[in-house]
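As given, the protein sequences belong to chains A and B, one line each in that order. According to the numbering used here, the first sequence holds residues 26 to 254 in order. According to the numbering used here, the second sequence holds residues 26 to 254 in order.
Hints in this document: simulated from the structure, not taken from any laboratory. Hints are supplied without guarantee of correctness; some may be wrong.
The list makes no distinction among identical chains, and a pair is therefore deemed to hold if it is satisfied within one copy or across any two copies.
What the hints assert, rightly or not - With a Cα cut of at most 25 Å, we get these calculated BS3-like pairs of lysine-lysine:
id : residue 1 : residue 2
1  : K215      : K196
2  : K126      : K85
3  : K85       : K223
4  : K214      : K252
5  : K214      : K145
6  : K145      : K57
7  : K85       : K57
8  : K196      : K214
9  : K71       : K176
10 : K85       : K145
11 : K223      : K196
12 : K215      : K252
There are 2 protein chains.
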Amino acid sequence: MLVGIEGAVNLGVIARTCANFNVRELYLVNPKASVEEAMRYSAHGKNVLLSSVVVNSLEKALEGVDLSAATSSIGYSEGDILRQAISLEDFVNNIAPRARKIAIIFGRESTGLTRGELLKADFLVTIPANPEYPVLNVSQAVAIFLWELWKKRGAKPKNIPPRASREDLEKVLGVVNEITSLIVSPSDKKERCNLVWKRILFRSVPSTQEARVLLYWAQRILRTLSKTS
Amino acid sequence: MLVGIEGAVNLGVIARTCANFNVRELYLVNPKASVEEAMRYSAHGKNVLLSSVVVNSLEKALEGVDLSAATSSIGYSEGDILRQAISLEDFVNNIAPRARKIAIIFGRESTGLTRGELLKADFLVTIPANPEYPVLNVSQAVAIFLWELWKKRGAKPKNIPPRASREDLEKVLGVVNEITSLIVSPSDKKERCNLVWKRILFRSVPSTQEARVLLYWAQRILRTLSKTS
Numbered sequence: 026m027l028v029g030i031e032g033a034v035n036l037g038v039i040a041r042t043c044a045n046f047n048v049r050e051l052y053l054v055n056p057k058a059s060v061e062e063a064m065r066y067s068a069h070g071k072n073v074l075l076s077s078v079v080v081n082s083l084e085k086a087l088e089g090v091d092l093s094a095a096t097s098s099i100g101y102s103e104g105d106i107l108r109q110a111i112s113l114e115d116f117v118n119n120i121a122p123r124a125r126k127i128a129i130i131f132g133r134e135s136t137g138l139t140r141g142e143l144l145k146a147d148f149l150v151t152i153p154a155n156p157e158y159p160v161l162n163v164s165q166a167v168a169i170f171l172w173e174l175w176k177k178r179g180a181k182p183k184n185i186p187p188r189a190s191r192e193d194l195e196k197v198l199g200v201v202n203e204i205t206s207l208i209v210s211p212s213d214k215k216e217r218c219n220l221v222w223k224r225i226l227f228r229s230v231p232s233t234q235e236a237r238v239l240l241y242w243a244q245r246i247l248r249t250l251s252k253t254s
Numbered sequence: 026m027l028v029g030i031e032g033a034v035n036l037g038v039i040a041r042t043c044a045n046f047n048v049r050e051l052y053l054v055n056p057k058a059s060v061e062e063a064m065r066y067s068a069h070g071k072n073v074l075l076s077s078v079v080v081n082s083l084e085k086a087l088e089g090v091d092l093s094a095a096t097s098s099i100g101y102s103e104g105d106i107l108r109q110a111i112s113l114e115d116f117v118n119n120i121a122p123r124a125r126k127i128a129i130i131f132g133r134e135s136t137g138l139t140r141g142e143l144l145k146a147d148f149l150v151t152i153p154a155n156p157e158y159p160v161l162n163v164s165q166a167v168a169i170f171l172w173e174l175w176k177k178r179g180a181k182p183k184n185i186p187p188r189a190s191r192e193d194l195e196k197v198l199g200v201v202n203e204i205t206s207l208i209v210s211p212s213d214k215k216e217r218c219n220l221v222w223k224r225i226l227f228r229s230v231p232s233t234q235e236a237r238v239l240l241y242w243a244q245r246i247l248r249t250l251s252k253t254s
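Looking at chain A on its own, in the form it has when it is part of the complex:
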């Protein structure tokens, strides 16, 4: 998913890269670049570009997705709960292989993703590049992400449990949020608690069964708290 992509060359090259790594679904959220112009730079990625989906909000793009990773070169900012990224390797090795339908969200060339957009993603991932200049061109970042994901695909193992769906996890988060509102009063603290819960839960990519146990645990708390209040 490209949010507000500005450069036609970047867009074209990204479509080509999708074809190189067998990625079929490209979402464009409010693109500024001309898709027609991008065609010229897409080589055999033309079909990816032709079948790309243009939407006017990130929410729409994220419909039906099980796991969404926002990307940024600003992966860490002390005290900022929105800038607590994991590294690309951690994402690719430990999270992506256990998830179902994944969206990777890239921001504008000029300003990246807004804080509101970061908030909508399940967590933040960064490419740990040169600390003195970690800001990659967006098409380069896409290439590196898709290459890393491509490497992990191959054969499907059978001794791995099925992963919880987004619906399963949102059910857990729903109960957690109810608990939070019973035990925490300042609204900014509430939000932080709920955000951290979301981050932790989606990054751990629970199995169906694990999600079920968590839901049970949270419901028990909620019931006990509700009885007494």
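Fit chain B to the known structure of chain A by using the hints.
What follows is chain B alone, placed relative to chain A:
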């Protein structure tokens, strides 16, 4: 080393990528692209471009190099001894770490490296991309190569938050276990809840700050539950 690079955008973006992965030496063998025009696309890679060395033959570029790898999307052609590539992973894991000064040679956007040029390199490396369309844009190929090499080096990124210590996480789990014993009675269920918590927490690899928020959240629950029982 870029042989006969044709596009100014590609050249500029490649210089930027060099800066992103701390590569200081860029050799241009008979470039067709305008270095001046490329400046516009190089962002903070300008210095790499300004100090790039333009030569008129691959031999000259290769002087003083310990190991040279040619790159091509045509990694294999039956019976063609010049097209017997190793994969990028094999190169990065097994060869590059043991070599001193390495040159990686990328060819023209239109026609790649000539057979004469392939012959001058020590061996051929390829990115094992989608078999149906493995031909990457040259700047994308450079990004993927440099990223893979960069990963092997071990520079410490600054854009990743500090991870919570085991002690931090065990503190969270301690409170969670206390909560569990207040709300769940059958001991096998208790154990399941606590185990899932442990799995989820360690898999999500929380940052210090995230662990702090979780601890706060759990302590609030515990306090509320304890007051009422």
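Each hint, compared with the structure:
Both within a single protomer and between protomers do K215 and K196 lie at most 25 Å apart by alpha-carbon distance, with minima of 18 Å and 21 Å respectively. In this assembly of identical chains, the alpha carbons of K126 and K85 lie at most 25 Å apart only when taken from the same copy (15 Å versus 49 Å across copies). For the homomeric pair K85 and K223, the shortest alpha-carbon distance inside one copy (19 Å) is at most 25 Å, but the shortest distance between copies (34 Å) is not. With identical chains, the CA atoms of K214 and K252 are at most 25 Å apart both within one copy (24 Å) and between copies (21 Å).
Proximity of K214 to K145 under the C-alpha cut-off of 25 Å is restricted to the intra-copy arrangement: shortest distance 18 Å within a copy versus 34 Å between copies. Proximity of K145 and K57 under a CA criterion of 25 Å is satisfied intra-copy only: 21 Å inside one chain copy versus 44 Å between copies. With identical chains, the CA atoms of K85 and K57 are at most 25 Å apart within one copy only, with a shortest distance of 18 Å there and 44 Å across copies. Taking the shortest alpha-carbon separations for K196 and K214, both the intra-copy value of 21 Å and the inter-copy value of 20 Å come in at or below 25 Å.
Taking the closest pair of Cα atoms, K71 and K176 come within 25 Å of each other only inside a single copy of the chain (23 Å); across copies the shortest separation is 32 Å, beyond that limit. Within a single copy, K85 and K145 get their C-alpha atoms as close as 11 Å, which meets the 25 Å cut-off; across copies the closest is 52 Å, which misses it. For a Cα distance limit of 25 Å, the shortest separation of K223 from K196 qualifies both inside one copy, at 11 Å, and across copies, at 20 Å. Proximity of K215 to K252 under the C-alpha cut-off of 25 Å is found in both arrangements, the shortest distances being 21 Å within a copy and 21 Å between copies.
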